Amino acid sequence: MKNFLKLNKEELSEEYENLLREYENFKKKHIKLDMSRGKPSNAQLDLSLKLLDVVNSESDFVTDSGIDVRNYGVCDGLQEMKNFISEVTGIKSEYFIVGGNSSLSMMFDVISFFMIHGTGGCEPWCKQGKIKFLCPSPGYDRHFRMAEYFGIELITIPMNSEGPDMDLIERIVSEDKSVKGIWCVPKFSNPGGVTYSDKTVKRFASLKSAAPDFRIFWDNAYFVHDLTENTVPLLDIISECNNQGTLERPIVFYSTSKITFPGSGIAFMACAGNNLKDFKEMYSIKTVGFDKINQMRHIKFLKNKYELFSHMKKHRGILNPKFDAVLNKLDEKFRENPILKWNVPLGGYFISVNTIKGCAKRIVELCREAGVVLTGAGAAFPYGVDEEDSHIRLAPTFPDSNELDMATDLFCICVKLAFLEKRIR
Numbered sequence: 018m019k020n021f022l023k024l025n026k027e028e029l030s031e032e033y034e035n036l037l038r039e040y041e042n043f044k045k046k047h048i049k050l051d052m053s054r055g056k057p058s059n060a061q062l063d064l065s066l067k068l069l070d071v072v073n074s075e076s077d078f079v080t081d082s083g084i085d086v087r088n089y090g091v092c093d094g095l096q097e098m099k100n101f102i103s104e105v106t107g108i109k110s111e112y113f114i115v116g117g118n119s120s121l122s123m124m125f126d127v128i129s130f131f132m133i134h135g136t137g138g139c140e141p142w143c144k145q146g147k148i149k150f151l152c153p154s155p156g157y158d159r160h161f162r163m164a165e166y167f168g169i170e171l172i173t174i175p176m177n178s179e180g181p182d183m184d185l186i187e188r189i190v191s192e193d194k195s196v197k198g199i200w201c202v203p204k205f206s207n208p209g210g211v212t213y214s215d216k217t218v219k220r221f222a223s224l225k226s227a228a229p230d231f232r233i234f235w236d237n238a239y240f241v242h243d244l245t246e247n248t249v250p251l252l253d254i255i256s257e258c259n260n261q262g263t264l265e266r267p268i269v270f271y272s273t274s275k276i277t278f279p280g281s282g283i284a285f286m287a288c289a290g291n292n293l294k295d296f297k298e299m300y301s302i303k304t305v306g307f308d309k310i311n312q313m314r315h316i317k318f319l320k321n322k323y324e325l326f327s328h329m330k331k332h333r334g335i336l337n338p339k340f341d342a343v344l345n346k347l348d349e350k351f352r353e354n355p356i357l358k359w360n361v362p363l364g365g366y367f368i369s370v371n372t373i374k375g376c377a378k379r380i381v382e383l384c385r386e387a388g389v390v391l392t393g394a395g396a397a398f399p400y401g402v403d404e405e406d407s408h409i410r411l412a413p414t415f416p417d418s419n420e421l422d423m424a425t426d427l428f429c430i431c432v433k434l435a436f437l438e439k440r441i442r
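All residue numbers for the sequence shown refer to the numbering used here, where the first residue is 18 and numbers rise by one.
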């Protein structure tokens with residue numbers, strides 16, 4: 018194993034030629050593998066196949082409270098589904114609205130409502146001129162694209178080991194009344210894997226905002242997606258805000274997308290006060306009821322938090338070997354060659370890597386030319402711009418073990434090639 022940072026130009030050129038031959042051999046394999054999103058594998062999807070059969074008789078269609086799930090009504094979701102998510106999260110069931118299959122869709126609905134109707138007794142956002150959102154980065158690209166769609170200006174907030182830079186957030190939010198929201202993935206953040214510390218959550222709850230209509234979009238997508246037996250704790254933002262008298266500030270989102278079927282899961286939103294009242298009214302106008310049969314399926318399949326945790330243990334059994342394989346390979350190839358750094362996630366769906374400055378786009382390009390599609394370099398930053406051109410998100414969950422092994426080998430070769438190209442040219 019050689020440290021490229023200590024080689025002279027002649028030695029670097031020799032390494033480059035050797036690696037280029039390896040790379041050309043990969044291209045001859047005609048690999049076709051898309052690793053651009055954090056998708057569950059087929060083996061994970063198979064864990065939930067019984068979900069399709071648990072509602073199959075006339076009695077299965079009627080809830081304990083006498084609601085026939087085949088018919089219209091109950092726009093905010095079945096009480097049994099609210100009780101289930103309440104048991105898992107510790108948030109009161111009355112704070113929940115149960116939606117369709119997509120929590121992103123519910124986020125879109127919330128921003129649309131605030132744009133048209135406003136919140137906190139303020140004018141609609143669309144009448145307030147330029148409005149802004151804070152974007153902890155690296156972060157979830159779909160959050161950023163959604164805000165862009167509405168014409169919202171994005172402000173990058175750096176991440177650290179405890180969450181986003183709270184000193185910067187506190188200063189901006191207290192001084193700029195055009196800042197209306199912040200995107201948060203508080204547990205196993207996408208893609209960095211950071212879980213917000215207790216101190217960070219408490220500081221969010223006690224933020225002093227110049228804008229009375231400032232809202233926290235708390236996308237807790239990986240709330241039960243631990244990769245270890247020991248659950249990583251996260252403080253309940255709603256309880257903390259209640260303690261601080263800011264209960265209407267957080268809007269919390271969950272889903273079963275990576276628990277059962279991503280295309281046919283259940284989404285949840287938790288909020289309080291006027292937010293809850295407004296959103297219930299919005300959904301009563303938007304729909305005559307989400308898919309209650311699917312809600313009933315999930316109730317009968319997942320049952321309670323203990324069954325859910327047992328189910329997630331099966332997911333871990335599939336995911337852990339994949340994460341270990343990639344992490345071990347990175348350690349083997351770069352332990353003594355410090356041109357790449359990476360996190361070791363305790364949960365979630367991604368491994369976040371940082372290359373030498375100016376190499377990320379080239380690495381992604383090289384991988385794509387050899388048949389492996391990665392998330393675009395810069396995608397985890399507002400407007401798709403990584404000023405350092407150094408960050409790449411790896412999604413090891415979907416490929417089978419052989420595909421993943423080949424893809425990781427190729428990635429390591431491309432990291433080295435991109436670095437050597439900069440050094441010898």
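Hints in this document: simulated from the structure, not taken from any laboratory.
The structure displayed is predicted, hence computed values, not measured ones.
Beta carbons are placed, not taken as given, at the ideal position from N, Cα and C, and that holds for glycine.
Each hint should be verified, as a subset may be incorrect.
Mimicking DSBU-like on lysine-lysine, the simulated pairs with C-alpha atoms at most 35 Å apart in a straight line are [unchecked claim]:
id	residue 1	residue 2
1	K147	K294
2	K46	K439
3	K294	K45
4	K109	K294
5	K26	K346
6	K294	K49
7	K19	K294
Here are the computed distance ranges between Cβ atoms for each label pair [said to hold, decoys possible]:
id	residue 1	residue 2	range
8	K297	L69	36 to 44 Å
9	E192	L37	21 to 29 Å
10	D348	L24	15 to 23 Å
11	N100	K67	20 to 28 Å
12	D348	E187	31 to 39 Å
Structure-inconsistent hints, enumerated in ascending order: Violated: hints 3, 6, 7, 8 and 9.
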